[in-house]
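Trainee: Here are the chains, one letter per residue:
Number of protein chains: 4
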Amino acid sequence: MADEPSAQMNNKFVHDQLIRFSHCDPAGIVYFPRFFDLAHATMEDWLAQGVGQGLPALIGERRIGTPTVSIQCDFVKTLRIGDTLRFELTVTKVGNSSVNLAYRGLKNGGSDEHLNIRQTIVFMDLAAGRAIPIPDDLRPRIEHFLVQP
Amino acid sequence: MADEPSAQMNNKFVHDQLIRFSHCDPAGIVYFPRFFDLAHATMEDWLAQGVGQGLPALIGERRIGTPTVSIQCDFVKTLRIGDTLRFELTVTKVGNSSVNLAYRGLKNGGSDEHLNIRQTIVFMDLAAGRAIPIPDDLRPRIEHFLVQP
Amino acid sequence: MADEPSAQMNNKFVHDQLIRFSHCDPAGIVYFPRFFDLAHATMEDWLAQGVGQGLPALIGERRIGTPTVSIQCDFVKTLRIGDTLRFELTVTKVGNSSVNLAYRGLKNGGSDEHLNIRQTIVFMDLAAGRAIPIPDDLRPRIEHFLVQP
Amino acid sequence: MADEPSAQMNNKFVHDQLIRFSHCDPAGIVYFPRFFDLAHATMEDWLAQGVGQGLPALIGERRIGTPTVSIQCDFVKTLRIGDTLRFELTVTKVGNSSVNLAYRGLKNGGSDEHLNIRQTIVFMDLAAGRAIPIPDDLRPRIEHFLVQP
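Residue numbers (my numbering), protein chains in the order written: chain A, 1 to 149; chain B, 150 to 298; chain C, 299 to 447; chain D, 448 to 596.
These aren't lab readings, by the way, just hints derived from the structure by calculation. A virtual CB, placed ideally from N, CA and C, is assigned to each residue, including glycine. Wrong hints could be hidden among the right ones.
[To be verified] Straight line, CA to CA, 30 angstroms or less: simulated DSBU-like cross-link-like pairs of lysine-lysine:
1) A:LYS77 / A:LYS107
2) A:LYS93 / D:LYS524
3) A:LYS77 / A:LYS93
4) D:LYS554 / D:LYS524
5) A:LYS107 / A:LYS93
6) D:LYS540 / A:LYS77
7) B:LYS226 / B:LYS242
8) C:LYS391 / B:LYS226
9) C:LYS375 / B:LYS242
10) B:LYS226 / B:LYS256
11) D:LYS554 / D:LYS540
12) C:LYS405 / C:LYS375
[Stated by the list, open to error] For the chain D half of the interface with chain B, some residues (derived, Cβ under 7 angstroms), not all of them:
13) ASP463
14) SER469
15) ASP484
16) GLY499
17) PRO503
18) LYS524
19) ILE528
20) GLY529
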């Protein structure tokens, strides 16, 4: 993933979240499954603000969901209550139905990678329960965040 | 709530759950919102095993939900990872649409109250979004757990 | 709780949070235990911004916690993904060690109460595991939010 | 991962969990971050029952944690409230400090893979905050679950 994508080729969606009491475990650090809640929140705001189509209307009106078919995460350094987690979200591949997302996790404005996540989501017709092509109105907005590997 | 209910008057539903890593906070004790997840699990098993009508079929087939309209909890003593939480569930009131539930929370087989919860649920037609009378087939099964205050 | 507290007597802390996918249940509405996570987040920001002493430093440096000893909640109307939950937090009583908090839950900028929470927290020496008087530097800041019932 | 490991070469730890209301999302299926909570519960019971050293004592008495340094998951088929998730846990690699775990997720006693997880955990001195060799008393118990790829 390019650190400094050219403005033409791609774009990254930057999203800050405060690490809260409820995210942390008896060791005082973020309990790792909570990072996936935090990444999901980033994806929701990216869809609403970056792609221009929020999940509430996508699910509620268009009956389209974006389930996750695979995800992987490397946890490099820990975060604690009071830290600010920054996720930089980029798109690494756009398929027919699927989109690959990458999240770089930074801490308190620093540039050190604390975790990274790679996720594949699929656009799905919720009534039929099967994958559908990425809607035409969303594809160019999604491709806007595509980075060249 | 009677500690030793007579067999005729009432019954209690006893449900044990292990306190896990994911329930605990940086102070090493159960983060209180997790107790409501644990109580919900007790209610689910009471509906399935005690009342004879599990939530999956109630929601999925009969389209009836049991939302919570009020809940209160006193946290008397803490629980930690590795403890076994026992909830003793009883019914304290049966209305037209509503049921009042009480949960006594005990630890590791002891009789000391560690927490208690009082909850009011309502039977609801999920399609119409409004309260309905407690279904006739469930009412006597629910009343079986009614305690005299 | 006064709706329009006089500026002298009290103050309310206003906190908005987006209802996300992770908060909602198979009925499409907020699963009630998640409201306690959301209220905890409001309390954390009130401590940091309203009282001037955030939980991370309170726990991490001063080794003081604020466990909840009782909580109750009325759920009046539902919230859904994409709604904005506003909590208006006020203080209803300040004891020696304890503070009573009230949260009015509003939706999307409206004034209709959707839920309300009353919570009692206690200042606690985490090392000794027992209640302590509210620290002198925090008491006046907390009393600033006290409303006359 | 061998489907039918020979009794000599390896062993699998089998763990069943009920999919509950709290695990499911507005689409009625398990919200994927909850699968990591469920896998963590399987790991906890494997440590306690399979390895013979539960996390509560490992953390609380020996001050050793087992943080996750990487995890990946493929979600093949969905699960719903009322389903029983079976995780078959095996060990795929034993390093100096690290252990690689694999979880096959099955539904309702079937043999169809619904999801699979690969996770790397590291034994860590919680006081020093650094990796340590797998404790000698635990290594053979862990290797008992090692499968030949």
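Trainee: Hint by hint, note whether the structure agrees.
Mentor: Here's how the hints hold up against the structure:
The hinted pair formed by A:LYS77 and A:LYS107 meets the criterion: a straight-line CA distance of about 9 angstroms does not exceed 30 angstroms. For the proposed pair A:LYS93 and D:LYS524, the alpha carbon gap of about 23 angstroms is at most 30 angstroms, so the pair holds. For the proposed pair A:LYS77 and A:LYS93, the alpha carbon gap of about 27 angstroms is at most 30 angstroms, so the pair holds. Proposed proximity of D:LYS554 and D:LYS524 is supported: the alpha carbons are some 9 angstroms apart, at most 30 angstroms.
Restraint check: the Cα-Cα separation between A:LYS107 and A:LYS93 comes to about 26 angstroms, which is no more than 30 angstroms; the hinted pair holds. Simply put, D:LYS540 and A:LYS77 have alpha-carbon atoms about 23 angstroms apart, close enough for the 30 angstroms limit, and the pair holds. For the given pair, B:LYS226 sits about 27 angstroms from B:LYS242 by alpha-carbon distance, which is consistent with the 30 angstroms threshold. Between C:LYS391 and B:LYS226 the alpha-carbon distance is near 23 angstroms, which keeps this suggested pair within the 30 angstroms criterion.
In summary, the hint linking C:LYS375 to B:LYS242 is supported, as the alpha carbons are separated by about 23 angstroms, within the 30 angstroms threshold. About 9 angstroms separates the Cα atoms of B:LYS226 and B:LYS256, which keeps this hinted pair within 30 angstroms; it holds. A C-alpha spacing of about 26 angstroms is found between D:LYS554 and D:LYS540, which places the hinted pair at or below 30 angstroms, so the restraint holds. A threshold of 30 angstroms between alpha carbons decides the hint, and for C:LYS405 with C:LYS375 the separation of about 9 angstroms falls inside it, so the pair holds.
Against a cut-off of 7 angstroms between C-beta atoms, the interface hint on D:ASP463 is violated, since the closest Cβ of chain B lies about 14 angstroms away. With a cut of 7 angstroms, the hint placing D:SER469 at the interface with chain B holds, because the nearest CB-to-CB distance is about 5 angstroms. A distance limit of 7 angstroms between C-beta atoms decides the matter here; for D:ASP484 the minimum to chain B is near 5 angstroms, and the interface restraint holds. This hint is violated: D:GLY499 has a C-beta 14 angstroms from the nearest C-beta of chain B, more than the 7 angstroms allowed.
Proximity of D:PRO503 to chain B holds as hinted, the smallest CB-CB distance being about 3 angstroms (cut-off 7 angstroms). For D:LYS524, the interface hint is violated, since its Cβ never comes within 7 angstroms of a Cβ in chain B; the closest pair sits about 17 angstroms apart. At its closest, the beta carbon of D:ILE528 sits 5 angstroms from a beta carbon of chain B; the interface hint therefore holds under the 7 angstroms criterion. A least Cβ separation of about 3 angstroms between D:GLY529 and chain B falls short of the 7 angstroms threshold, and the interface hint therefore holds.
Figure legend: structure checked against the earlier numbered hints; hints not met, in rising order: 13, 16 and 18.
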